Amino acid sequence: MAGSGKAHLRSEDETLIRVEDLVVEYDVPGGETVKAVSGISFDIKAGETLGLVGESGCGKSTTGKALIQLPKPTSGSVKHKLVELTGLSSEAMRRRRTDLQMIFQDPISSLNPLRKVEDIVAEPMKIWGPKDKTEQKEMVDNILDSVGIDPEQARGKMPHEFSGGQCQRISIARSLILDPEVLICDEPVSALDVSMQAQILNLLEDLKKKYHLTLIFIAHDLAVVKNISDKVAVMYLGKLCEVAQSDELYERPVHPYSKLLLDSCPEPDPSITIDKAVSDDDELPSPINPPSGCRFRTRCPFATEICSSEEPQMQEVRPDHYVACHHPLV
Amino acid sequence: MNTTVVSDAVVADANTSASPLLVVEDLHTSFSIPRGEVKAVRGVSFELEQGKTLGVVGESGSGKTVLARSIMRLNLGNNVTTTGSAKFRGLSILDQPPKSMRQLWGNEMAMVFQDPMTALNPLVKIGRQVTEHVRHHLGISKKEARSLAIDLLNEVRIPEPESRLDSYPHELSGGMRQRICIAIALACEPTLLFADEPTTALDVTVQHQILNLLNREQETRDMAMVLVTHDLGVVAGRTDETMVMYAGNVVEKTSTHELFNNMQHPYTEALFRSIPKTSERSHTRLTAIAGRPPDLIDPPTGCSFSPRCPYVQPKCREEKPPLIPVNDGSHLSSCWFPVGTEENKAAFRKNVAEGLPQTLVVEEALTDNSNEGSES
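Same order as they appear, the protein sequences are chains A and B. What the first sequence shows, in this note's numbering, is residues 1 to 330, in sequence order. What the second sequence shows, in this note's numbering, is residues 1 to 376, in sequence order.
Next up, chain B with everything else stripped away, as it sits in the complex:
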């Protein structure tokens, strides 16, 4: 497929190779509902270079999907407010009228959604869904579009693509539908792909294949990818950088390798500790995160993780920690008592002595597991 990039005019000459593909600065998104203002994204900044992958991790309600949708300008409705800046190839996306966004969607930036069952129109055959936007952007004939669709389906490894073009979505399995969604997203060769929990609804074996497919396409097309997921296991081997979000804020951001080897933020550590791992013995006590994510209408003052943090100190409840570099400079974390430091250990001992419930939970699991380890 060759692309005539219709949106070149829109993107204009801002496409200088020196600046990153996507620059997001101090992005805020909120939704007004009868009860108040839900502050879903509260000041997120990051940069993404061409051909790189960024993992965005957090619990539900941490704002990761809203962030992706804000950059894509897909948060519809009169109650949404987005402020800050998002520059794609130097073009300020948030200021674009919807008409210009239509030139960017599919063509320059595309998205793969969580649920492949509902992302496709149940009443329209696969063939038309794969090529609809291609015909819009590239202005090709029906016949050309059909042969392009066959190429695409081949590329995402769907057997017998020709006959599949005439199928309806309900005739395909979940994994195959997600492959179709990927084909749709890739059809116009975008330079930026958002994958919003692309495998959460799928079985492990299918998840593995879909992630491999996304990885390969991202590499061969030199496409930038934002992989949104709640699963640390998914980002581990597949992203260059990882950003951990909590209550609408970025709490830690660094290269994926560094993140797993040198966690700084207590939330990242808590998230990691709470997942069962196949490398651990059965009946290993999990260190659950106490409590629930905060109410985003009235988020806590100070650090938003403080009500659940095992290392919490009075300072954390009063003053919000800034997202600042630790040691090497590219590793950012926002915590007054980073994991592994002496201050952190002292805070933990103090909280154990005071009997803080969320600290005792961690203490209990740690002792429980070390006992089991010595027995076996």
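Just chain A, with the same shape it has in the complex:
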């Protein structure tokens, strides 16, 4: 993994979002730089769901935020419908963000605790939507209804009167009120119970069909990502490891890191034998000073000399299945 390259990109006019060589770096005290995202490229077709999966600290949330230029990436290109977003003025970007919306991990803290639900959901319309109050109210009611919240009951209530799952529904309603094209979901179900998680995942599938959405779904839970995604990209320490159709990737992972992730995933089936070997604490290397060559080599059982000297490039191992690895498991 830990590789670069663009072999997996499709032709530009087929795609709604196209990201090339995206780099996001932060300066931290002491004159050091955190290399959160180091040159990743991917694209998304209209109506597709792309899953971004990886451990915490791999840069998946940073990537999601960089798409809507919050903050602007250090370098690289992000194109939405062939328009380069990195070059837009803040005003032009502000206008474009109505098409690119985001929902977050913690549904309770992403809603203002002092405001009523109707005001929270109507807020984006105060700036962009119809100015007519009756029309606004109608739109709020419609959207609340389609996320499974009864508008009659919910309208005047405060966020603390709702459960985590309901708060996530309300923040989904807020993100959809301006009828966006792309919804970036940053770990939207990680803070929820399994039963709420299933409800929200089903809801996102339904809304995707109803509103013709394109989803970017960021999560660390592999089973969740597989369930919702058409295509999955595995990230490690700011780089892409493997990109493939969801079913293909889970059936035949070829990157050692994807394999490690899948093997670690607890399956609700007691007849599966678990590899119970106890290993040393192997931590994610620091993104301030990432390993040379392939970034995964320090944890990879197949690493050889070439892995430290040369960064692997994306290559097609099977139709529409790309991997950046010197020793893919094929």
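Treat the hints loosely; a few may be bogus.
[Said to hold, decoys possible] When the alpha-carbon atoms are kept at most 25 Å apart in a straight line, the in silico DSS-like pairs for lysine-lysine are as follows:
#: 1; chain 1: A; residue 1: Lys81; chain 2: A; residue 2: Lys208
#: 2; chain 1: B; residue 1: Lys277; chain 2: A; residue 2: Lys209
#: 3; chain 1: B; residue 1: Lys277; chain 2: A; residue 2: Lys208
#: 4; chain 1: A; residue 1: Lys45; chain 2: A; residue 2: Lys72
#: 5; chain 1: B; residue 1: Lys87; chain 2: B; residue 2: Lys99
#: 6; chain 1: B; residue 1: Lys320; chain 2: B; residue 2: Lys345
#: 7; chain 1: B; residue 1: Lys52; chain 2: A; residue 2: Lys276
#: 8; chain 1: B; residue 1: Lys87; chain 2: B; residue 2: Lys52
#: 9; chain 1: B; residue 1: Lys277; chain 2: A; residue 2: Lys276
#: 10; chain 1: A; residue 1: Lys157; chain 2: A; residue 2: Lys116
#: 11; chain 1: B; residue 1: Lys277; chain 2: A; residue 2: Lys259
#: 12; chain 1: A; residue 1: Lys209; chain 2: A; residue 2: Lys45
#: 13; chain 1: A; residue 1: Lys45; chain 2: A; residue 2: Lys65
#: 14; chain 1: A; residue 1: Lys210; chain 2: A; residue 2: Lys45
#: 15; chain 1: A; residue 1: Lys137; chain 2: A; residue 2: Lys126
Keep in mind the hints are simulated off the structure, nothing from the lab. Computed from a predicted structure; not experimentally measured.
Given the coordinates of chain A, work out where chain B should sit on it, guided by the hints.
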């Protein structure tokens, strides 16, 4: 490490090898709050033998953490009431004064908590946190304690243990902090370990390692372990027995293998169906559990799962089903219409015909997925 068990006097001669290590009977815990009495645990009974593992599974609010804390006597505050009995090696824990509990904590029974970030004191170096209670229980010198701490950190596979002893918690990763918490819990060689969602805050790869570590320690020390989790995947390969809790009650309890192969309670089935699995194709429709867990101040009469159950019948709303053995005797379940029976199928058909929302949700997902299956 050798242990001189200071608490032998407390545990007294009740330690007969025939009786299980832990026997809990009809345990109730409630919290009084201004709005009323929150009945968090409502009559839980179970036994745990030395060296065995018990998984406790349920949604948040099902009472699994309160249960563990009640047995550990960690529910503090004047508004808590615990009744029933919990016997550890024959000793009635609920009647012990706090002073005797101090002899048991760490020494005989220990706990690993969910959030390794907050379980450690941010102002105290790792070395002191690992050995504080060891020095209290075993009365050893600082120097001996330090070498014991190095052994422990080695055992939980923390690289360079010596230098880590002088680190503060914020200098370590989440996985490493949880390893430290495990080292603390194991330091005095307890015979009973409660692990309360020990991996929920961690990444999958780290979760895998931490569970492996807990499993190995539990086996080599012949320690009994209660693994509390909301994730059926976590209990699947790692526990001998599993207890499913809902609204403060045990709804099903049996060997883990039997539970997954022969689910009896509709809640267990619903919980299992609602989780996405990597073995299923992408876009498989999940069977979400309709509604929310009940208000524990005023739980429903009858079966507490009845408002969300796809098989609910009038009897379920009126009469609470007892936790009784099914077929082989060790498999307990509390349901009037157990999954797989003819009565259950009839109840489902009846509810579909009546258009009961929670039944239609299940019906819809089942048809949806079987259609997709035939297409592909």
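Status of each hint after checking the structure:
1. Between the alpha carbons of A/Lys81 and A/Lys208 the distance comes to roughly 19 Å, so the proposed pair stays at or under 25 Å and holds.
2. For a cut-off of 25 Å, the pair hint linking B/Lys277 to A/Lys209 stands: about 22 Å separates their Cα positions.
3. Proposed proximity of B/Lys277 and A/Lys208 is supported: the alpha carbons are some 21 Å apart, at most 25 Å.
4. Our distance criterion of 25 Å between C-alpha atoms is met by A/Lys45 and A/Lys72, whose separation comes to about 23 Å.
5. Annotation: proposed proximity of B/Lys87 to B/Lys99 holds, straight-line Cα distance about 17 Å (limit 25 Å).
6. Proposed proximity of B/Lys320 and B/Lys345 is supported: the alpha carbons are some 20 Å apart, at most 25 Å.
7. With a C-alpha separation of about 17 Å, the suggested pairing of B/Lys52 with A/Lys276 holds against the 25 Å cut-off.
8. Between B/Lys87 and B/Lys52 the CA atoms are separated by roughly 16 Å; this keeps the pair inside 25 Å, and the hint holds.
9. Note on B/Lys277 and A/Lys276: the hinted pairing holds, with a Cα-Cα distance of about 21 Å set against a maximum of 25 Å.
10. A C-alpha spacing of about 5 Å is found between A/Lys157 and A/Lys116, which places the hinted pair at or below 25 Å, so the restraint holds.
11. Between B/Lys277 and A/Lys259 the CA atoms are separated by roughly 16 Å; this keeps the pair inside 25 Å, and the hint holds.
12. Restraint check: the Cα-Cα separation between A/Lys209 and A/Lys45 comes to about 15 Å, which is no more than 25 Å; the hinted pair holds.
13. A threshold of 25 Å between alpha carbons decides the hint, and for A/Lys45 with A/Lys65 the separation of about 19 Å falls inside it, so the pair holds.
14. For the hint pairing A/Lys210 with A/Lys45, the CA-to-CA distance comes to about 17 Å; that is within 25 Å, so the pair holds.
15. Between A/Lys137 and A/Lys126 the CA atoms are separated by roughly 11 Å; this keeps the pair inside 25 Å, and the hint holds.
Hint compliance for this structure: every hint is met.
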